[in-house]
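Please construct the entire structure, taking both the sequences and the accompanying hints into account.
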Amino acid sequence: MNEIEPRIVTIVTELLERSDREETTVSLAATLHGDDGLALDSLETAELSAILEDEFGNDPFGAGLLPETVADIVAFYADATAASA
Amino acid sequence: MTTPRTVIVTGGSRGLGEGIVQHFLDAGDRVATCARSETDAVRAWQADPAYADRFLFRKADLADREQSTQFGKDVIAEWKSVDVLVNNAGVARDGILALFSDDDSDTVIDLNLKATIHLTKQVVRNMLAHGGGRIVNISSITGLTGYRGLSVYGATKAALDGFTRGLARELGSRKITVNSVASGYLKTEMSHGLDDAQLNQIVRRTPAGRLGEPDDIARAIAFLVDERNDWITGQVLVVDGGLTA
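Which chain is which? The protein sequence lines are W and C, in order.
Using full-length UniProt numbering, the letters of the first sequence correspond one by one to residues 1 to 85.
Using full-length UniProt numbering, the letters of the second sequence correspond one by one to residues 1 to 245.
To give a feel for the contact side, a few chain W residues facing chain C, derived at Cβ under 8 Å:
1. Leu43
2. Ala46
3. Glu47
4. Ala50
5. Ile51
6. Glu53
7. Asp54
Computed far set for chain C versus chain W, every beta-carbon distance over 10 Å:
8. Ala47
9. Asp53
10. Asp195
11. Trp231
12. Leu237
Derived by calculation from the structure, the hints in this document are not laboratory data.
Even for Gly, the Cβ is constructed at its ideal location relative to N, Cα and C.
Structure follows, in structure tokens:
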């Protein structure tokens, strides 16, 4: 969990930087969508999905899940790691 | 020379696809292609030391999603990112619709349209992750003007042009351009159901006075995928010797 968490936060932060939203702080509790969270639109969500797959070989969106927060993404990989241990 | 781009050309073992692959290899790019069977052209590229580490071939039927997905994975595993995708793979079945078999319709739609959409999705995800790219869909003037006996084929090509426009709008903000090249009648298409009389008629009606060569199309593709041409997207470039002018 501790290794995955900063990687996910970095990926999301860099994604927001691409969209000129570097001032947005990414926390585990941050919601991915909606104005009270990171406000990712559909294309940014697709980018996040693609970047996660590129980095880890799979991603929660591609697995049919709909993570709502950064923590949900972290949990997806933590669960996968635990399952393969 | 600049860093070679990674280029995927589907259906690059013969005909137009072979010409497109050769054009990119000559330009110094890395080229991956696939086809259902290996041809002399593929064997020659594989054996040529000039293309060592710059040419990848996989025997694959793109209409089979598993094989298509594996082809995309192999290219990405080999070269990490894809810079250019040329959706060339296609099949033509001729015959008037009233006598056309449903199996032939499925074959044409499955490869020309569904397989193209499937592989494009995979490559687009890679391009999104890596910050840009160029996509060219090889369509046909039969999708613009129609041609007797090629209604299903023409329908898939018209659909590809619609796919081009929609995808261009989706991806324009991410440095990914999407265009179509609507090819006219090429010498390589003699096997696509057009007989000599039909081809002679086409030549007579073509202002340029000849059928097209694969390199006529390859040069248009090279123009569209030039990294400087990032302000051309969502367009259908007709390359047909003026036939539809």
